[in-house]
Every structure is written in structure tokens, then in C-alpha cells.
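Using the sequences and the hints, build the whole thing.
Protein chains: 2
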Amino acid sequence: MSNPTAAILVIGDEILSGRTRDSNMHFLAGRLTAIGIDLREARVVADRPADIIEAVNALRARYDHVFTSGGIGPTHDDITADCIAAAFDDHIAVRADAYGLLKAHYDARGQDFNESRQRMARIPDSATLIENPVSTAPGFTIGNVHVMAGVPSVFEAMVASVLPTLTGGAPLLSQTWRINRGEGDIAGPLTQLAADFPDLSIGSYPFIQNGAHGSNIVIRGTDGGRVDAAMVRLAGLFPA
Amino acid sequence: MSNPTAAILVIGDEILSGRTRDSNMHFLAGRLTAIGIDLREARVVADRPADIIEAVNALRARYDHVFTSGGIGPTHDDITADCIAAAFDDHIAVRADAYGLLKAHYDARGQDFNESRQRMARIPDSATLIENPVSTAPGFTIGNVHVMAGVPSVFEAMVASVLPTLTGGAPLLSQTWRINRGEGDIAGPLTQLAADFPDLSIGSYPFIQNGAHGSNIVIRGTDGGRVDAAMVRLAGLFPA
Numbered sequence: 000m001s002n003p004t005a006a007i008l009v010i011g012d013e014i015l016s017g018r019t020r021d022s023n024m025h026f027l028a029g030r031l032t033a034i035g036i037d038l039r040e041a042r043v044v045a046d047r048p049a050d051i052i053e054a055v056n057a058l059r060a061r062y063d064h065v066f067t068s069g070g071i072g073p074t075h076d077d078i079t080a081d082c083i084a085a086a087f088d089d090h091i092a093v094r095a096d097a098y099g100l101l102k103a104h105y106d107a108r109g110q111d112f113n114e115s116r117q118r119m120a121r122i123p124d125s126a127t128l129i130e131n132p133v134s135t136a137p138g139f140t141i142g143n144v145h146v147m148a149g150v151p152s153v154f155e156a157m158v159a160s161v162l163p164t165l166t167g168g169a170p171l172l173s174q175t176w177r178i179n180r181g182e183g184d185i186a187g188p189l190t191q192l193a194a195d196f197p198d199l200s201i202g203s204y205p206f207i208q209n210g211a212h213g214s215n216i217v218i219r220g221t222d223g224g225r226v227d228a229a230m231v232r233l234a235g236l237f238p239a
Numbered sequence: 000m001s002n003p004t005a006a007i008l009v010i011g012d013e014i015l016s017g018r019t020r021d022s023n024m025h026f027l028a029g030r031l032t033a034i035g036i037d038l039r040e041a042r043v044v045a046d047r048p049a050d051i052i053e054a055v056n057a058l059r060a061r062y063d064h065v066f067t068s069g070g071i072g073p074t075h076d077d078i079t080a081d082c083i084a085a086a087f088d089d090h091i092a093v094r095a096d097a098y099g100l101l102k103a104h105y106d107a108r109g110q111d112f113n114e115s116r117q118r119m120a121r122i123p124d125s126a127t128l129i130e131n132p133v134s135t136a137p138g139f140t141i142g143n144v145h146v147m148a149g150v151p152s153v154f155e156a157m158v159a160s161v162l163p164t165l166t167g168g169a170p171l172l173s174q175t176w177r178i179n180r181g182e183g184d185i186a187g188p189l190t191q192l193a194a195d196f197p198d199l200s201i202g203s204y205p206f207i208q209n210g211a212h213g214s215n216i217v218i219r220g221t222d223g224g225r226v227d228a229a230m231v232r233l234a235g236l237f238p239a
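Going down the list, the sequences are from chains A and B.
Mapping of the first sequence onto numbering that gives the first Met the number 0: position 64 corresponds to residue 63, and the numbering continues sequentially without gaps.
Mapping of the second sequence onto numbering that gives the first Met the number 0: position 231 corresponds to residue 230, and the numbering continues sequentially without gaps.
You can trust all of the hints, since none of them are fake.
A few chain A residues that face chain B, going by a derived Cβ cut-off under 8 Å, partial list only: (1) Leu15; (2) Gly17; (3) Arg18; (4) Leu38; (5) Glu40; (6) Arg42; (7) Val43; (8) Pro73; (9) Glu114; (10) Arg116; (11) Leu189; (12) Ser203; (13) Ile207; (14) Arg219.
Hints are computed from structural coordinates only; laboratory data are not their basis.
A virtual CB, placed ideally from N, CA and C, is assigned to each residue, including glycine.
So this is what it looks like as C-alpha cells:
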């Protein structure tokens, strides 16, 4: 398996303070899996320039794609675009293409296109815009970094704009078998199964439901026939 | 503000594939905020030894505390304990104290204390155990790293065991003011407010509800009087 790899960087104090529960990571994970891009890492950092810049640089060096979420609005705490420009050592200013989109949007609504809103047209020189069909203010792609909004409906729309432009790999197929026994009872045969199917990923995800232990066994791979064969073996070991 | 700092490292393919939505990060964030420990970063990595070891070493060097979640069960994909030992260059084997706890637990239930379950007694030499009142298999603390289970009910019980042993700081107080206007309309006065209260963190968290833009303004700080003063000013700027 040599699918492209990716990371997501969620930027925002509100996740780390426990005020807000992030949903963008989970959304993106599902979408990437479906198109054969392997999400390898997720990070959440606070609204601190040094932390953002360091994380972006670490992740873009390591993975084929980096997706960021949050911090590109009009308020004083929206510092992502400037941090991304700093990470790439690129110049950033209000750019004509983004300015034009935003001005047309606010003019059409009779809303003041004030200085704060103009901040959303700050785009690094070498970036290309990501379309935002929800609220116009664009995201952008620079190098292998895709910079998107944090509001889930906008993030999701931007993901829909970006993903068709990327080259995916073999979609990861996945099947799940639920076993109503504790992991300790099934671990031995499972180890053998994993050894017999080294080309597959076989994960055991335990749960406790109404006080009883159980586990979901998830078999993943890009070859449907192999996933099926492992599932048949697993079902034989632990009949429903 | 010189509160202790922390990071959480969530270990598990299932989060990154989009199969499972993590809840431990959000739970821990709320608990740490309440006791004045500043959660600065969260990471999710897959079940890959090199990735786990590197993340643990990066985070423990940078923050006062690191909390890990996941990968300490009895199955073949539970590799966290061994990776943590490797990160600390510590020896790891089945340890008598953990073995005794687990043996008593399974003996009392007439369940086989087999080789897989004995794996859960693998604890690095220099670690101390973290009590698990839900299912006995202990977590452990080594250096400034607290290694806990991924199943949310067990993770939460382990957090309850660990937090009272840590020295917190000044709890972060937080007040929220909801404004039913787009961020672009409020950004200017908000910037001025943030400049006038440099000791506070003032965040703007936009939302779109039924097609209308609004924002929650969250003011955070450790001095209740200052938070109140900023809230009074904010409420005057944007009356409800």
C-alpha cells in the first residue's frame, strides 16, 4: 500500500479548553479514507503563532497533504493565514482575487465591506484559492497545505472543493465483526489471524456495554478478496 | 499565567480512519481546564511504533504532563506500553504488582488469566500504576507521561485516579456572550477590547445557524474581576 498520506491540523483554543468538541477531524478522516488518502496524524494546537508555524512545518515535511481547520475569519484571533505565510516564508497581503470575491458578496447583500472583512482577503502570494460556496471567504492551498475554515459547514464545503483536485489511492475497504466477549478471550486467535494476513490491518476495539465486555474487530485492506477471506476465517473462529 | 502545561496523545488507527470519533480529548480538556492545567496540544497517531515513540518524546520534552489514550489492552494491536518503554529507554516485562491485581480479578470471576490477559501486566520498570476501578487492568505513570486506556469509561476513571495527584494552577474562568451578528460586524470593537484587556484571552467562535451568521465571544482568564469587567464592556458594546 503506497497511498498518499495526510495530516490534519486543527487550530483553536476552544477545542483545547474543552469548550467545543471538534468535528472536522472526524469528517475529514472519513472522506480521505473513501478516496484512498491515508490520514496518518491529527494535531490540535492553540492560537499561538509559534505553535502553528512549527506544526505546519513539521507536518508538511512529513506527509503528502496537510489540511488545516480554523482561524481564517475576520477577528483579531484569526491568525492562521499569516502563520501559514510565515511557515512558507511567503509574502501575504490583501489579494485582488479574494478581495473581488468578498466585495461582490458583501455589496450584493448591502453589508459593509469593512476593514475586518477585508482581512479575509489576506492570502499568501503563491497560494491558490479554495472555493467557499457557503460564505464566500475563500480558503487557500499553498504547497501541499490546504487552509480551511473551522466552522463545520464551511470546512465541509471547502473539503468538497479541494478533494476532487487531489490524486487518491486505493480506497481502504473495511469490515467489522462484533464479538460479545472480552478481548482477553479472543486475543490469541486474533494474533494468529493477523499473522496469517500480514497485508491487512486487523484492529480490536473493545467496548463495555451495560457492564459487559465486547469488542469490534475491524479488518481493513485495499484488496476486497483478502478482506473477505479474513472475515470468513474470523466468523468461523467466533460465530455470531 | 504560569499554569502547568499538558498535551494529550490519542493512539489508534480507528480515529484516523474515521471509524470512531474520539471523546477522550474533549473529556480531558474540560477536566484540566477546571484544575488549572493548560492543555496546549493534542495529537492523534496511528498504531505505528515509530510514530508513537516520536510523539511521546516530542510532547514530554515540551509540556509538564502528557496523557496518552489507547493501546494498552490484551490484543496484538495494543503496543502502547512497549512503545512508551522504548521512548524512555526503560525495561518492560510482566510486573508482579500488576500481575497480582489482574490474577485476583480474573480468579474472582472464574475467568482464564491467559497469556493475552497477562500482557496487560507488562509495565515499564520505573513506572507507577494508575488505578482502574472499572476493569482492573492498570494504566501507569512514567516520568511526566500518564498512560491510560482508550475505552472512554476506563479512560475517565483513570483520569479521576491521576488528577488528584497532580498540582494544578489557577483555574481558567470563562464567560460567553452570544452575538447574533456576523464576525465582520463586530471584529473592530473586539480587537480594541482585546487590546484593552491583554491579560485575558478573548476568542470569537463563529457559527451559522439556520443560515444566519453569529458568534460566541468567550472571555477567559484567571482573575474573575477582570473577566467580569471585560464582559460588562462587551455587553455594552453589543447589547443582547
